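Number of protein chains: 2
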Amino acid sequence: MEQVQISKNELNDRVVAILLKAGISDFQAKSVADVIVAGEADGCKSHGIYRLDGILRTVKAGKVNPVAAAHVMSSEASAIIKVDAGGGFANPAFELGLPHLVERAAKFGIAALVINDCTHFSALWWEVEALTREGLACLAMCPSYATVAPTGGSKPLLGTNPFAFGWPRSQTFPYVFDFATSVAARGEIELHRRAGKPLPEGWAIDADGNPTTEPEAALAGAMLPFGGHKGSSIGTMIELLGGIMIGDLTSSEALDYLGTTTLLPLHGELVIAMSPQAFAAGRAGDPFARAEVLFDAIAGSGARLPSQRRFTARQKSDAEGITLTASETEHLERLLDKGLDAVA
Amino acid sequence: MEQVQISKNELNDRVVAILLKAGISDFQAKSVADVIVAGEADGCKSHGIYRLDGILRTVKAGKVNPVAAAHVMSSEASAIIKVDAGGGFANPAFELGLPHLVERAAKFGIAALVINDCTHFSALWWEVEALTREGLACLAMCPSYATVAPTGGSKPLLGTNPFAFGWPRSQTFPYVFDFATSVAARGEIELHRRAGKPLPEGWAIDADGNPTTEPEAALAGAMLPFGGHKGSSIGTMIELLGGIMIGDLTSSEALDYLGTTTLLPLHGELVIAMSPQAFAAGRAGDPFARAEVLFDAIAGSGARLPSQRRFTARQKSDAEGITLTASETEHLERLLDKGLDAVA
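Listed in order, the protein sequences are those of chains A and B.
Read in order, the letters of the first sequence correspond to residues 1 to 344 in this note's numbering.
Read in order, the letters of the second sequence correspond to residues 1 to 344 in this note's numbering.
One thing to keep in mind: the hints can contain errors.
Claimed, not checked - Covered stretches of chain B, going by a simulated chain A footprint (3 or more residues, C-beta under 8 Å):
| id | stretch |
| --- | --- |
| 1 | 78 to 87 |
| 2 | 108 to 119 |
| 3 | 272 to 278 |
Stated by the list, open to error - Per label pair, the in silico range of CB-to-CB distance:
| id | chain 1 | residue 1 | chain 2 | residue 2 | range |
| --- | --- | --- | --- | --- | --- |
| 4 | B | A284 | A | K107 | 24 to 32 Å |
| 5 | B | P200 | A | A284 | 37 to 45 Å |
| 6 | B | T323 | A | Q171 | 54 to 62 Å |
| 7 | B | D256 | A | D26 | 51 to 59 Å |
Stated by the list, open to error - A few chain B residues that don't get close to chain A, going by computed Cβ distances all over 12 Å:
| id | residue |
| --- | --- |
| 8 | Q5 |
| 9 | I6 |
| 10 | N9 |
| 11 | V16 |
| 12 | K45 |
| 13 | S46 |
| 14 | H47 |
| 15 | Y50 |
| 16 | F173 |
| 17 | E216 |
| 18 | A313 |
Read the hints as simulated data drawn from the structure, not as lab findings.
All of these numbers come straight from a predicted model, not from anything done at the bench.
All residues carry an ideal CB built from backbone N, CA and C; glycine is no exception.
Take these sequences, add in the hints, and give me the full structure.
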């Protein structure tokens, strides 16, 4: 398959141009493009250029406000920063809220960023990494679409609800995890369907609530949470904190609102930032140095730290640029040429 | 087997008397007894009277300060409340910090309680429930002893690191989960060993890092995290936040310090409290009412909410008292009679 090398900046320019052509405002376009290019650079295709079609479809369907201006609402005395995305994409809202969150976490030791009314396209690892660059530990979570059944239940009531965490490391990439609270991603079930392969056991139930290994039946039924009742509980917690507590939609409500999982969901997001310096103040030992001892022990015992595959890909693309297939570059050209007419 | 009914108050008096006789101060004894009696009332034997032996052994070994007075340290401007347990039990430290945490969460929207230098005997569900009674959502976590290998690793570097969450419900018991981030508790492996039964696959590895179903080999090796690399990541996060960030011992350090898992560990604990009222302010819908819709849907789909077994047991013991076996009551009498001489 023919391949093309392209620099990060060049890809960024092309993605921004595609988003602008689709009628997305300058600030939103740049902010969304950053995550897409970071996804490609990290070999994380699930957040790469393939997502452009979904973004354009959501614009075309009128389910995102492509020119919304997000705004920050917060009283100085609160440790909660709220950003109203105004129905625009999550990314510019996060970008706007970030410096405020950093300032509040430094001031109070712990602080939270709430994003409301956003069309959610982002990678939580991108966001927790941004906070680790500020020396903060960070938790992030959000609902998605109701496609996961709570353990023991027969109906999809939870989203794949990602849960992410970051811890700063000064000499190397941060400690970062970001995972779905379902056993598998919906895309993986779709891939099995296309390949005509049965699913591994434990991934899904059919519409009657019975275990199934048939991709079609799984898509009509529900996925299962990771780790049995424990993962199910974490998925439920994310509905409560990242949906209900912040006054935004649950995964069920997001799906009801849009009626399809092929558009990007509208909901909110919760980010909690903590200052290890503030938490460790007055105690013996530097928390960042002590964390390195733990990471060394983990790596030394043969285990991998999370996100290492992404970081290896990032090093490669930093050195060599991003590799796209000829059909990917053609697709980018088509999106730039046709704009919203390129998508159904 | 002969059984005895005993009221909560009566059991509480007996447990307090045993702890006082062992040289534990009045405030610490009352606070520890509350959790033990709550464990018995909830049919949660892992935090019930059987734990008295371990508590007395830890006192006898000089590894807890039974007369320590915990004290609260915090500046008014911070959202972090720190309680120094002074080497005493975690429970009185939590009790001291609780009203401050509640006040700060109301003031700032989100706040954290750090307990340092505590001999950890508590049930995190007990603590998150206390916060739900104040109308707060709450996360709690702490390290334990290093007995769990990170996924892919060959050495026990993580604890069974419990992770708990609570959400207030005004008309019924709160939504609460509290689970070990290992597949199984160490006690369950011990029970299999005594019964001469092999372990289920996926619970443990031997000292060489190979999967094993032999309890002896597992006890000499390591337990595995729940949910593969995802649970492993959460266990690691708990070492970072609930150990290193708060300037307290990791599970490895706690085990090194005490040299045995038969005494209670010395480390810290992190509790994060959030005010749903503050987070939802200005948004449509009451978060508590909306959460009930989610809980109804989960229960209606055939799934159980977590902690229901405990709550059912609590209703029964509230109505009928706590049921102990004759040998349990004899054991209590022996502990009261002999004090620290009753334990090795």
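**OP:** Just pull the numbers of the violated hints for me, sorted ascending.
**Re:** none
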